[in-house]
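Chemist: Start from chain A and add chain B with the ligands according to the hints.
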Amino acid sequence: MADLSSNFVGIKSPNPFWLASAPPTDKAYNVERAFEAGWGGVVWKTLGEEGPPVVNVNGPRYGAIWGADRRLLGLNNIELITDRDLFVNLEEIRQVKKNWPDRAVVVSLMVPCIEEAWKTILPLVEETGADGVELNCGCPHGMSERGMGSAVGQAPDLIEMITRWCKATTRMPVIVKLTPNITDIRAPARAALAGGADAVSLINTINSITSVDLDNFCPEPTIDGKGTHGGYCGPAVKPIALSMVSEIARDRELKGLPISGIGGITTWRDAAEFLALGAGNVQVCTAAMTYGFKIVEEMVSGLSNWMDENGHRTLDDVIGRAIPNVTDWQFLNLNYVTKAKINQDLCIKCGRCHIACEDTSHQAISATRNGERHFEVMDEECVGCNLCVNVCPVDNCITMEPLAAGSVDPRTKKKVEEKYANWTTHPNNPGAIPEAAE
Amino acid sequence: MEGTTGTAALDDGIVAGRLHAETLRTNFADLHAPLSAHEARIEAERCYFCFDAPCMNACPTQIDIPMFIREISTGNPLGAAKTIFEQNILGGMCARVCPTETLCEEVCVREEAEGKPVKIGRLQRYATDIAMDEDARFFSREASTGKKVAVVGAGPAGLSCAHRLAMHGHDVVIFDARPKAGGLNEYGIATYKTVDGFAQQEVEYLLSIGGISIELGQRLGEQLSLDGLLGEFDAVFLGIGIGGVNAMLADGSETEGVDNAIDFIAELRQATDLSSVPIGRNVVVIGGGMTAIDAAIQAKLLGAENVTICYRRGKDHMNASDFEQELAASKGVTIRHWLQPKRVISSDGTVSAIELEYTAIRDGKLTGIGHTATLPADQVFKAIGQTLIEETADGLRIEGGRIAVDKEMRTSHDKVWAGGDCASGGDDLTVTAVAHGRDAAESIHKALSGAAR
Ligand SMILES: Cc1cc2nc3c(=O)[nH]c(=O)nc-3n(C[C@H](O)[C@H](O)[C@H](O)COP(=O)(O)OP(=O)(O)OC[C@H]3O[C@@H](n4cnc5c(N)ncnc54)[C@H](O)[C@@H]3O)c2cc1C
Ligand SMILES: Cc1cc2nc3c(=O)[nH]c(=O)nc-3n(C[C@H](O)[C@H](O)[C@H](O)COP(=O)(O)O)c2cc1C
Ligand code: SF4
Ligand code: SF4
Ligand code: SF4
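Protein chains in written order, with this note's numbering: chain A, 1 to 438; chain B, 439 to 891.
Rather than coming from a laboratory, the hints here were simulated on the basis of the structure. The model shown is predicted, which means the values in this text are computed figures rather than measured ones. Built from N, CA and C at the ideal position, the CB exists for glycine as well. Mixed in with the good hints, there may be bad ones.
[As the list claims (entries may be wrong)] Far from chain A, by Cβ distances over 10 Å, these chain B residues were calculated: (1) T443; (2) A447; (3) A471; (4) E572; (5) R579; (6) G681; (7) D689; (8) G690; (9) G695; (10) T710; (11) H775; (12) G808; (13) T825; (14) D852.
[As the list claims (entries may be wrong)] 30 Å max Cα-Cα, derived DSSO-like pairs, lysine-lysine: (15) B:K780 with B:K803; (16) A:K349 with B:K554; (17) A:K12 with A:K255; (18) A:K341 with B:K554.
Same shape as in the complex, but just chain A (with noise of 0.2 Å):
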């Protein structure tokens, strides 16, 4: 049975699945729930300085977007920290970690950049017992408006100093929440590293308005006839937020630098497929409010299995396995030439690869042979785009196949060259370094 045990910067948790700072952690009743259906660990809703607490709005929070058959892909929220008691929260952390002392209690934090708030609150956090602490430096609305949040996250020098800070007031684990709301999301990750942070963990969510409520011209969700922006997350920000993490994990400078990889992380493939991308853990949140927790049962169960399956007998094993594959378009072999076939057992004849490639591409697919209806790749057309691959509603019924070395593609009419050359070499390149002469 593969080990599914991890150790993040040092806290230890059962299994790489954490619960992401959000309602499913704004108090001790979710969280136990959620330690008695298995996450190995959680980071507690993010919480605010000592004081009156922060006043949510009365009116709905969430706007959605749906695919077939009403699935949930994509979630927005205008939700802030909590609006709990800070010393309610505090003691609910202690009891709750006492009760699961084999499990992960982060506690997310953010507070007014002044040094003086952070000194203040870290030390409380510390009482409890906690394992670690997050600094939310990514929620983007409401929170942003005050200069907290997105609005440190968006700003590296300031992400450097209050890391600074709490590196030096306590002895936790510090890990920095990045925005995804930014041009390069290498920049705060530097200015992490270099405020002395242990971890960052990507990405919260991405400003969004999911749509208009077309009788009232009102963006939802609408509050009492206005709306604002909010945050985005679920499935459809997982191909985002996997980037940026491989975008960290790949960085020379930021090497070594441990990431909690989240966004869209909803079965135990997204999780593996991060953990492959460079990510240490995981964290979830929609998929939670989704599904409720017992979603944390398929991901273990999927991602040891799998394990198994593959020979992968700790994390260690896999992540960060996929990062040397990751590199700049210029370096892609120009050299692998492939084209589009058809499963004609497996063709349902929809037609729809036909079409996209017909009307938007590059007419390689015929419709009919011998005046029937059937759907064949030309390969003197087809240029391997795999465009067909994505629109058909059959699994595996369209397969790209390369060219073998030293074949001739019917497109090109050239020899399918075995040597791997790429753009920087390429004699359509004005910026092409000569090949060293043979």
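Modeler: This is chain B with the ligands only, laid out in the frame that chain A set:
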């Protein structure tokens, strides 16, 4: 007395009131409940929006099915209804009565993929119901051309023809022999397929375009003659269906208690109180098509104790689709094959049993093989096919027992068009009659516009 049976439940003979009114109401309720908005959306999302969609090509009226389904999925049911009505103004009825399992849904790629086609018929009903409930109208008449066209027969063929002619600005008069318009939509289709007076609602909805008047109780061959119509109108369309009934070649077929299935169905369709419709206790239906199935099912639903369909060939030869056969079986109808009627046995002047002979195909020909079976019967329904009453088509060329027409539905007379069941080359389906009527109207329009120039 408890239970679902009425007082006359087990009486012999042909009697009314075998079941309680309440039971009859449930028995004859909508075969398929309409889809809710949620169900429609989920179902619509299953459609792949196929290129040159097979379903569309299988629809005799060529409705752009992927388009109307996409319109439903985007919350635009009126757009969907318009897409449907543009090709098929009786899209509401067709959604209820089309044997989709042998038309659009048979070739749906999801049938091939997983044996579960998109429920095209039910989605079509969803969209057309909304449009009709809201009385949303999509078509208007063009300026009057001053041309007059007579349409004989207010069935699906005639109605569809009239509507398309009205769109083009021609003045249309529909003549029908019956007291109500609708043709078999009103007098033939099984009750549970078209509940709550839908046939008449549809006629009204369609006539609201204007420019069409209807004269009922006018029979070609009696009050009207083709020559008379040709004298008064610029063109004539015949959509008179097939009103004749094939004779049953069995001794005693004139015995009381031996009835035409279509007459029974018409009576049932017109009944305001189903518990007043008499039915036998042991009913035998002779035939293998849609009419046989519908008569048998409705006999059973009225409370007949035993209903048996006897068909002279095998299951695969039956005109009724698998779905129809299964529906009959699920209602408790027994279907027996390779049996042909030989002799009606009577007592006291009414039928008491029917003797049937087993059949087989020998040397490519269907023949009786001598062995017989006798089934008790106090009522026998003949459902062995209808025919064109040829006198009504006097002077027109006949082909295979129907009025001969070309691709444009032109008959051998240059001012007469025909379509629907009475015309050659069809398949005796509502939807085909609609297609014929529409295409004939386009051809008539072309002819009349040409003449004007
Ligand atoms: C019992 C039964 C069940 C059926 N079930 C289905 C089904 O579920 N699905 C399906 O697709 N099809 C079904 N059909 C077939 C379908 O009803 C017909 O194909 C369709 O109605 C043909 O339309 P039409 O306009 O050609 O003729 P009809 O509907 O027969 O209409 C002809 C009209 O012409 C009138 N008429 C006839 N003679 C004259 C005359 N001399 N002068 C003036 N008017 C005249 C009639 O009164 C009638 O109104 C069924 C048929 C029957 C008999
Ligand atoms: C309603 C809601 C409230 C959230 N509140 C917080 C918060 O207080 N602090 C925080 O760091 N992230 C917060 N998040 C962001 C999540 O922790 C997480 O980063 C994001 O939802 C992406 O993960 P997912 O796709 O699994 O949901 C919130 C998300 C939601 C949906
Ligand atoms: S791979 Fe691209 S070019 Fe080739 S057939 Fe598919 S869609 Fe067309
Ligand atoms: S998209 Fe797939 S199933 Fe549809 S025709 Fe093309 S290959 Fe066949
Ligand atoms: S064949 Fe089926 S999936 Fe394709 S367009 Fe028609 S209904 Fe949709």
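Chemist: Hint by hint, say whether it matches the structure.
Modeler: Status of each hint after checking the structure:
With 10 Å as the threshold on Cβ separation, the claim that B:T443 sits away from chain A holds: the shortest Cβ distance comes to roughly 43 Å. Every C-beta of chain A lies more than 10 Å from that of B:A447, the closest at about 46 Å, which supports listing it as non-interface. Interface exclusion of B:A471 from chain A stands, the closest Cβ pair being 20 Å apart, more than 10 Å. At roughly 17 Å from the closest C-beta of chain A, the C-beta of B:E572 stays outside 10 Å, upholding its exclusion from the interface.
Even its closest Cβ contact with chain A, about 33 Å, leaves B:R579 beyond 10 Å, as expected for a residue assigned away from the interface. No beta-carbon of chain A is positioned within 10 Å of the beta-carbon of B:G681; the least distance is around 40 Å. For B:D689, the condition that its CB be more than 10 Å from all CB atoms of chain A holds, with the nearest at approximately 52 Å. Distance to chain A confirms B:G690 as a non-interface residue, since its nearest Cβ pair spans about 53 Å, more than 10 Å.
With a cut of 10 Å on Cβ distances, B:G695 stays outside the contact zone with chain A, its closest approach being about 52 Å. For B:T710, the shortest C-beta to C-beta distance to chain A comes to about 43 Å, beyond the 10 Å cut-off, and the non-interface label holds. At roughly 34 Å from the closest C-beta of chain A, the C-beta of B:H775 stays outside 10 Å, upholding its exclusion from the interface. Annotated as non-interface, B:G808 keeps its C-beta farther than 10 Å from every C-beta of chain A; the closest such distance is 47 Å.
The non-interface label for B:T825 is consistent with chain A: the shortest C-beta to C-beta separation is roughly 37 Å, beyond 10 Å. In this structure B:D852 is separated from chain A by more than 10 Å, as the shortest Cβ-Cβ distance comes to about 34 Å. Among the hinted pairs, B:K780 with B:K803 is consistent with the structure: their alpha-carbon atoms are about 18 Å apart, no more than 30 Å. Distance check on the hinted pair: A:K349 and B:K554 sit about 15 Å apart at the alpha-carbon level, within 30 Å; holds.
Restraint check: the Cα-Cα separation between A:K12 and A:K255 comes to about 22 Å, which is no more than 30 Å; the hinted pair holds. A distance of roughly 26 Å separates the Cα atoms of A:K341 and B:K554; the hinted pair therefore holds under the 30 Å criterion.
The structure agrees with every numbered hint stated previously.
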